[in-house]
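Visitor: Build out the structure end to end from the sequences listed, making use of the hints.
Chains as they are written, first to last, in my numbering: chain R, 1 to 239; chain Z, 1 to 239; chain X, 1 to 239; chain F, 1 to 239; chain D, 1 to 239; chain H, 1 to 239.
Heads up, a few of these hints could be off.
The list makes no distinction among identical chains, and a pair is therefore deemed to hold if it is satisfied within one copy or across any two copies.
[Stated by the list, open to error] EDC-like mimics (lysine to aspartate or glutamate), calculated; alpha carbons at most 20 Å apart, straight line: (1) LYS235 x ASP144; (2) LYS235 x GLU151; (3) LYS235 x GLU62; (4) LYS235 x ASP59.
If you're looking for bench data, these hints aren't it; they were derived computationally from the structure.
Number of protein chains: 6
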Amino acid sequence: MRLRVVIPVVGDVFDAPIGDEVRSWAGPGTQVEVVSLTRGPASIECEYDEALAAPGILDRVEEAVADGVHAVYVVCFGDPAVAAARELADLPVAGGFEPAILTALGLGHRFGIVTVLPNVVPMLRGAIARLGLTERAGPIRNVDLPVLGMEDRTVLLERLYGEASRMVADDEADVIVLGCGGMVGVAEELQTRLARGGAYVPVVDPTAAAVTWLERCVRLGLRPSRTTYLPPPPKQRTR
Amino acid sequence: MRLRVVIPVVGDVFDAPIGDEVRSWAGPGTQVEVVSLTRGPASIECEYDEALAAPGILDRVEEAVADGVHAVYVVCFGDPAVAAARELADLPVAGGFEPAILTALGLGHRFGIVTVLPNVVPMLRGAIARLGLTERAGPIRNVDLPVLGMEDRTVLLERLYGEASRMVADDEADVIVLGCGGMVGVAEELQTRLARGGAYVPVVDPTAAAVTWLERCVRLGLRPSRTTYLPPPPKQRTR
Amino acid sequence: MRLRVVIPVVGDVFDAPIGDEVRSWAGPGTQVEVVSLTRGPASIECEYDEALAAPGILDRVEEAVADGVHAVYVVCFGDPAVAAARELADLPVAGGFEPAILTALGLGHRFGIVTVLPNVVPMLRGAIARLGLTERAGPIRNVDLPVLGMEDRTVLLERLYGEASRMVADDEADVIVLGCGGMVGVAEELQTRLARGGAYVPVVDPTAAAVTWLERCVRLGLRPSRTTYLPPPPKQRTR
Amino acid sequence: MRLRVVIPVVGDVFDAPIGDEVRSWAGPGTQVEVVSLTRGPASIECEYDEALAAPGILDRVEEAVADGVHAVYVVCFGDPAVAAARELADLPVAGGFEPAILTALGLGHRFGIVTVLPNVVPMLRGAIARLGLTERAGPIRNVDLPVLGMEDRTVLLERLYGEASRMVADDEADVIVLGCGGMVGVAEELQTRLARGGAYVPVVDPTAAAVTWLERCVRLGLRPSRTTYLPPPPKQRTR
Amino acid sequence: MRLRVVIPVVGDVFDAPIGDEVRSWAGPGTQVEVVSLTRGPASIECEYDEALAAPGILDRVEEAVADGVHAVYVVCFGDPAVAAARELADLPVAGGFEPAILTALGLGHRFGIVTVLPNVVPMLRGAIARLGLTERAGPIRNVDLPVLGMEDRTVLLERLYGEASRMVADDEADVIVLGCGGMVGVAEELQTRLARGGAYVPVVDPTAAAVTWLERCVRLGLRPSRTTYLPPPPKQRTR
Amino acid sequence: MRLRVVIPVVGDVFDAPIGDEVRSWAGPGTQVEVVSLTRGPASIECEYDEALAAPGILDRVEEAVADGVHAVYVVCFGDPAVAAARELADLPVAGGFEPAILTALGLGHRFGIVTVLPNVVPMLRGAIARLGLTERAGPIRNVDLPVLGMEDRTVLLERLYGEASRMVADDEADVIVLGCGGMVGVAEELQTRLARGGAYVPVVDPTAAAVTWLERCVRLGLRPSRTTYLPPPPKQRTR
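Guide: In structure tokens:
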């Protein structure tokens, strides 16, 4: 299958590392194609960034449809423009949020999220409510590092561990979800550290969750329902 | 006070009628200024339209802030880009949805919505869930007319009455909310017809609700909380 | 418009200060008329007080209807006898609770309440549940001062700030609601102090919210739904 | 034990029949004492009636406390003044609603209520929400007969059966609750008729539920929590 | 009436003490008959134990039905096999959980549970959610003592008081429920200690609650609904 | 990976067809091993059957753990003994319900279930509530065919289509979930028929969902959280 990976920001700084990460999770038959935007923000950390990124993402989704790919992954934990993309495309489309949360739901009772900045927390709270999953949600915390400031893996891991271990110790989360598509390559180490502190608590990496989620949809022959995501009516649309 | 009205579509076909409608509801001290978009869709009827309209709306909100207006009304029942706009601006910003729903909540137990097309229904269901108001929501129905096809007021009223009276007869709604900013000038007539069929059931016009909601915020000296709508971090953003 | 203000306690100690407060929020065309009770409690701080006050409040509402006023404000955060009054009257009636909470809902995600005494907390929790708004509710705290013991504004403000700032610091509330109609003239100062501590968090004054809410209903031509508030059947009723 | 039965209406028309009904359910050691009101409505069928009845009920509760009874039953499905009475008294107090609903919760998944008039339906919906039990609630229907118009048992049973059997057939209720303290002596017959139509569906009589609920509380040595029902602060209260 | 008490574990160590406890709560006309299992675990402290105990419990329930008893009490707070037993039997069947929780719901707003081991906590959280009662639930804590290790009443009471008093002090519970059928004879003392610390908070003993609950069902002529608990279809079943 | 398939009934009638079905969905590297029970019911269609099947299922899970398999699938939509099995095993275990529902949640807003018999409906309603997913659940209907009576695929498909198409037409479900592990080989055809009637609505086959779910867990290195599923304490357990 062909998986189109849309990095929803301008610039190509993420193209190589995210592409590598996606390929490391993809199955043997999956061909990974990475694109990013020519208009939009340099990173997505608030509603404003999401809104600015949306048209560029949808350009890429329309290209992907025209190119005949089998699935589209929008690499952002806020699922920007994903609902709109599902209206456009007769194929599985996902961001990082929904696959990660649904994965967590199958592993333990409450999921806790650790994201990048405080700005993202209210967005995620709204996204959880929109999915009707408030009853299963534990805390949403942050490492107070911007998307473009997580290069130092030691600092990142230290802060992730601080927030995650506190949720577990306080009996507020049974599964930890990493709340940013840029937190690559740290889930396993975090999981190991948490287990050292007591019980095994799974850590869900959103990229891993999304890639395998999409592959599974394709394998199952399933795509988003057309009674939830209706095709957009034709009309004039000026870009 | 200066109220900036953002019509979130390209073209000026709505400028005069919506402007007149807003002025008819505005208080004596309110100066109404109408703008529309140079990029975006011709109407908003799905997630895709909302996503395409968002950057253009935010351009207008940034202008409004720079111009020193006191409040901004984005004339669409889906509240497109409203959360993002609240991140940008230290003043009250509203679309048609939230003020209308909150108004309905104060008038009766369950609110029913009649909107334009089936495409909008899942969006509104998501918006209600996001606000945590599912317990108060009755049905969401539609008149199956596009935003740009409601000129025939007789047909519109007939269909609104059909859907609304059915909800009331089935004991599923205590308040009716008109689910499109383009359904102007029909609320009162619909309310009269419904009352003829039995009990008085209020009908909430989203434009009326939004304009007076914003005026009231200004009068009360209140604007959106900065712990729900944090200011966007500075970064490169390419339009 | 004529606004009848019902102070739901015996004695006239609140007549002048509440009347002044209401007038300070009322619009230019609003004529404010203040009445209090001849039977009932000296203040409302528990279910028992509410029950005792109810018939006297309803006497005043019936007078108001006979006098042809346009709206009625029952000055108590517990909304005593408000549902019953809506059954009696074909005009907008509100207490302090519902308009304040609905106002808060439009400003941020979770509202926190600071009320007078611990006795009031369970009542308010019940009122929130009755409105189906539990998902949006943050903490309900109190200043441990009786309604008739809030004259010292310095103490009142100090305690309000203590409770409100703790909610905000603990990320439990995005909007603060003052939980007593007697907490007049402190909202703005509290808001200023909170903003000094970090982010802007709106503070909703229930009197301000109620007065402008009622004015807005009148302006919009809306009153409570008769399918939620049905007219009382005729029968013998001994006072 | 001494059980004080408060019939919350003026007149003594219900004293004998309700007294007999209560005695028929009471255990061997229970002494039943019936009182009614000197001020209040002739029946309770809306929020207005509840409000008017409340002070008279509380008079009777205070007498009951002074008389040293062990429990108080307020014979009305709306639980009028019950929360206030629990603040006053260190003993079990119940109306017809809460014991009936909690009994129903232990017998099947969803409870359906058949009450007297449409006016009562919104009150009961609010009462269910206040108790946080919306998830378990089925329909609330009515026989469209006033409290003072249910003498014809044939008509009453016919209408109860019509509403209850429809709920069961539509798979909307697993237990039926009779929604008026005046619907005495019909539960068993209704249950028999429903069982004839297919599966056994329990029918809960609110008087039977309340009397045995109170006896059980006394036997268990339990009364309402003082952190939910705090004692009223002392103050002037004019009757 | 004949009450069959099923102790859902192998061995007879609980037969005498639980039998005595049940008899101490049973009414004068109740004949108590105690049985335990020949296959199953020595105590129930996790989902695994519940699953292993279930067939043995159902053997005992089938015997009870054949013997013509009037009610069955399965002495375990997890209500093991109770739903299955209700499918089998046309008579009231209860474990310790549901009667205790429904009793608590009538006494105060939020119930807090103190159970035996951490292993039980997720099971109880699930049981509460299954009953749709999450909105009323406070904390679920444990004394960290196994079912077979609570002989030292001083230690047990000390730990129960530690957990319960903390919930009350933190304003998280209005009623305390003892979360194990083996915590016999401590409820009253715990209640007394809690009241010393401030307000009266009821403590619900699950055995007392269950026994009187079942007696009350028999007296009211009510048993579980057959639309929630349908009779098992006939088929081969190998034990 | 080695996938142990536990058919939770006595007899080997399902071994070949379910084994084939599982193999048809399994990935290239998955080795499928099928076992069934020596004690338990011939099919699972009620709580009673689930309870009787549980110990036999857990025997098979313990064997699977001892045999070093990588995942266990219990082939029943009621997820019998799955929670207990997760306490026993440090590897992914799933029944048919949870993977199917979580798959449906990612495809559309409300899921509707079509199961075998009316007896199963209350169990599934309870299972949904336990997972905190009531807000997303549409109707639960049945084809009124027993597990051992679905050989006639024409009849089965006709009834599935009848129930599913009604849910979609009534706007009550956006995704259809087949509610029995024995409904093999009909999902695709049902999906095709539904799409003919209008919009594409995905149909989730529980076996397909479960097999690929477990493979994905193994690939992601994730297993159930040990804070939700704690290891059973050691003790005497008599089989």
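Visitor: Each of the hints needs a verdict: does it hold here or not?
Guide: Status of the hints after comparison with the structure:
1. For a Cα distance limit of 20 Å, the shortest separation of LYS235 from ASP144 across copies, 16 Å, qualifies, whereas the shortest one inside one copy, 43 Å, does not.
2. With identical chains, the CA atoms of LYS235 and GLU151 are at most 20 Å apart between copies only, with a shortest distance of 17 Å across copies and 44 Å within one.
3. For the homomeric pair LYS235 and GLU62, the shortest alpha-carbon distance inside one copy (16 Å) is at most 20 Å, but the shortest distance between copies (27 Å) is not.
4. Within a single copy, LYS235 and ASP59 get their C-alpha atoms as close as 16 Å, which meets the 20 Å cut-off; across copies the closest is 22 Å, which misses it.
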